[in-house]
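There are 2 protein chains.
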Amino acid sequence: MAPFYSSEPKGPSVKTKIPGPKAKAAITELDKVFDTRSLNMLTDYNKSVGNYIVDPDGNVLLDVYAQIASIPVGYNNPALREAALSDDMISSLINRPALGNFPPTDWANVLKTGILKVAPKGLNQVFTAMAGSDANETAYKAAFMWRRQHERGGAHVEFTEEEMASAMLNKTPEGSSELSIMSFKTSFHGRLFGSLSTTRSKPIHKLDIPAFDWPQATFPALKYPLEKHAEENVAAEQAALQEVEHLILNYHVPPCAVVVEPIQSEGGDNHASPAFFRDLRALTRKHNVLLIVDEVQTGVGATGKFWAHEHWNLEDPPDMVTFSKKAQTAGYYFGNPELRPNKPYRQFNTWMGDPARALLFRAIIDEIERLDLVSNTARVGDYLYSKIEALAAKYPGQFENLRGKGRGTFIAFDNPRRDEFLARAKGFGVNIGGSGQWAVRLRPMLIFQEHHADILVEALENIAKSW
Amino acid sequence: MAPFYSSEPKGPSVKTKIPGPKAKAAITELDKVFDTRSLNMLTDYNKSVGNYIVDPDGNVLLDVYAQIASIPVGYNNPALREAALSDDMISSLINRPALGNFPPTDWANVLKTGILKVAPKGLNQVFTAMAGSDANETAYKAAFMWRRQHERGGAHVEFTEEEMASAMLNKTPEGSSELSIMSFKTSFHGRLFGSLSTTRSKPIHKLDIPAFDWPQATFPALKYPLEKHAEENVAAEQAALQEVEHLILNYHVPPCAVVVEPIQSEGGDNHASPAFFRDLRALTRKHNVLLIVDEVQTGVGATGKFWAHEHWNLEDPPDMVTFSKKAQTAGYYFGNPELRPNKPYRQFNTWMGDPARALLFRAIIDEIERLDLVSNTARVGDYLYSKIEALAAKYPGQFENLRGKGRGTFIAFDNPRRDEFLARAKGFGVNIGGSGQWAVRLRPMLIFQEHHADILVEALENIAKSW
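Quick note, the sequences are listed as chains F and H, same order.
Sequential numbering of the first sequence, starting at 911, is according to our numbering.
Sequential numbering of the second sequence, starting at 911, is according to our numbering.
None of these hints come from the bench; they were simulated from the model.
Accuracy of the hints is not assured; some may be wrong.
No copy is singled out in the list; a pair is fine if it fits within one copy or between any two copies.
[Stated by the list, open to error] Derived pair list, reagent style DSS-like, types lysine-lysine, alpha-carbon separation capped at 25 Å:
{"hint": "1", "residue 1": "1375", "residue 2": "1304"}
{"hint": "2", "residue 1": "1081", "residue 2": "1253"}
{"hint": "3", "residue 1": "1022", "residue 2": "957"}
{"hint": "4", "residue 1": "1253", "residue 2": "934"}
{"hint": "5", "residue 1": "1022", "residue 2": "932"}
{"hint": "6", "residue 1": "1027", "residue 2": "1215"}
{"hint": "7", "residue 1": "942", "residue 2": "1253"}
{"hint": "8", "residue 1": "1138", "residue 2": "1297"}
{"hint": "9", "residue 1": "1253", "residue 2": "1095"}
{"hint": "10", "residue 1": "1215", "residue 2": "1133"}
{"hint": "11", "residue 1": "942", "residue 2": "1031"}
{"hint": "12", "residue 1": "1315", "residue 2": "1138"}
{"hint": "13", "residue 1": "1133", "residue 2": "1112"}
{"hint": "14", "residue 1": "1297", "residue 2": "1375"}
{"hint": "15", "residue 1": "1112", "residue 2": "1253"}
{"hint": "16", "residue 1": "1022", "residue 2": "934"}
{"hint": "17", "residue 1": "1095", "residue 2": "1315"}
{"hint": "18", "residue 1": "1031", "residue 2": "1215"}
{"hint": "19", "residue 1": "1022", "residue 2": "1215"}
{"hint": "20", "residue 1": "1027", "residue 2": "942"}
{"hint": "21", "residue 1": "1375", "residue 2": "925"}
Start from the sequences, fold in the hints, and give me the full structure.
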């Protein structure tokens, strides 16, 4: 394949320890006004290009973390630059609308030629938001309103005085709902109060923050290699589904929706089979509980499909699908008109997203189509997976539980010294992220090609040899 | 004063009923994919300029609603256009960083020459967010972490196994906190799950959405004109403060912070005196409860000060101040280093704001300084207030409870047929918003001048005469 970027470096170039002297000085300065304790690497975005991230000391790394899986088509992508310079973009930036009240004349067109052009099958409407957390939370709100509307007997039934009065007091059951959102253990759905209540990845995310008494079901812990553990894995998935059903029927705060990631990402790259998800859809349908698929990290092409849940071949689509990260904007898709609340201003806020970011997503979609990038991730992912499979055989214990086969470049493995593994990676010229407790998660951009995979695999081998 | 905009229309121009035929057709199209029931007016942002908003049918209205108080320096402001075309802006748009992990090399500089340049007195650090709701929610999270850290005995005390285990179960009291945020009745602080629990403006915002059992205190209901009701108003404020203290000491879920708007905006433009707020600061200090000032709507110049709480002349600054809307970005300021959580990744998310919007705020701040716009709102506000005071005398019952004297252009009055008043306003060439049940709230941009005030007052009089 010809390189997508003609201006990319030939490979990484590590000149100093990271952080180098220039980065260190800048970090000291930044820390006075901005918490830098989670800082990974100060970045010179002007010099970064394509798959390569550059730091202030001139270190050039192959970036397979990509701003926590958020850069879709490369740093300083020329097509995005062109979109950034368009009249529409400038207007959106300097005349930011309150979208619910004063949408721009061409908003329908921006949605149809952008966000909605890639809407998952069966979902033809969108509510725009700002980031993954509020995309999920607005989807949850839609679920609560939908369920209560059913309980009341339909959209035409007016709220009672008691409901309105008790809602103002944050009181259940009349006003505020005594309902819940079910999520899975080791899931991540965001860090605001509602989304954090469904997030179950790590205590550090949740400690000290008030949370709703909502249920969590076990996510099947598959064993690898899959083909060696087929029976156990089916049993784990069946047990998880039984737990879901049990919680739906018995949890003391009844769930009106189940939220699930196609691949649990922050929680450690945990997969389940398409059959599991098809059964989960059937189960939620059976009990009149909504299924919300959180594609914040899995969406937009990296898994070899535009949406990861396309791998499930569902006949009955999810009720809502949330997105953010590589979309560079956020929100949720839905199809069922009943998921529009029965009155205006129930699902509303001042900005309701950012048209500038919606325009950028449109340019990203065009770029994905132009370069056929979803096919690219499928093909390069297979190539990369087989190379790491070979490494795993050669270096036992270092590339454990390799997973993500047939899921594009959305590949991960476990390493017992994971944090040190990630730290050493920089010295070998690659920027990699982790997930869960032990996982090394690969999140290359969609423009990651075979020749980048070769560089990555060489670096992975060098790390493995360095212990 | 010379006009700030040479290219503004001389005045409004209403050619059709609003919505006109072109708008109606576009709304029908938009509604297929996007809920349009809260739509106020479809807008042609390319033709809008300065204080004037233009619709697809060519209707030109003086805009004193300004995208729900969110447009600071006029539509299609040339200085903002220049900022939008800068290399920094383009890079921020197309290379969106995960700010906590990979901040841009010059991020400290962007903060210091922008967001932090206007930091409220005593507050020299910032946590950036996306919109008002998450600005408040991240401030609340900081408050919970701060209080629990005190309870544990300091930043050095490690979390216990019990705390970590119970946090993962959303359980109190060890992991999730049994603590609350106190807000005031008729307040508005956002619509995500935590912020909505503190929002107390209208049932439609809250119905069916699960909420935390958090306390609300009465906000003093001042009577107008203030000088005629001085004694009653002092009594109302004292009673409110006593209720705050009572709730701090006795509410069964103890508050770790009180959140308050300098002027309750969505809730109906409710004011309190500087003395009330000084006492509230003293009371919260006395009981070791944080004071969070929500300046999402009041901040950035419209009240005749850059921050509305500057009117209070506090010696002891608020613990946190949140911002959004006219800043075109969002977040919260703080000073106390103890409000940085004791460990990294406790207050974190992928994007942590948007540098493109931070660069825009920097350009807005420069424009405010260049044109001395805070002085402008103070002076024009006084001018406008006195004109409406005259209208109130001339048309009894139509401009009731006029308020916002000495608060720049942040002026409101009550009208018993408010919704119809706002609808008629469009026919007379002005776009105005409401708040609370009866209030007509004026939210002109900072570039609103005396000649615009004259046009607005003429329109207000025409509406009054039209009944």
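### Query
Are there hints from earlier that the structure breaks, and if so, what are their numbers?
none
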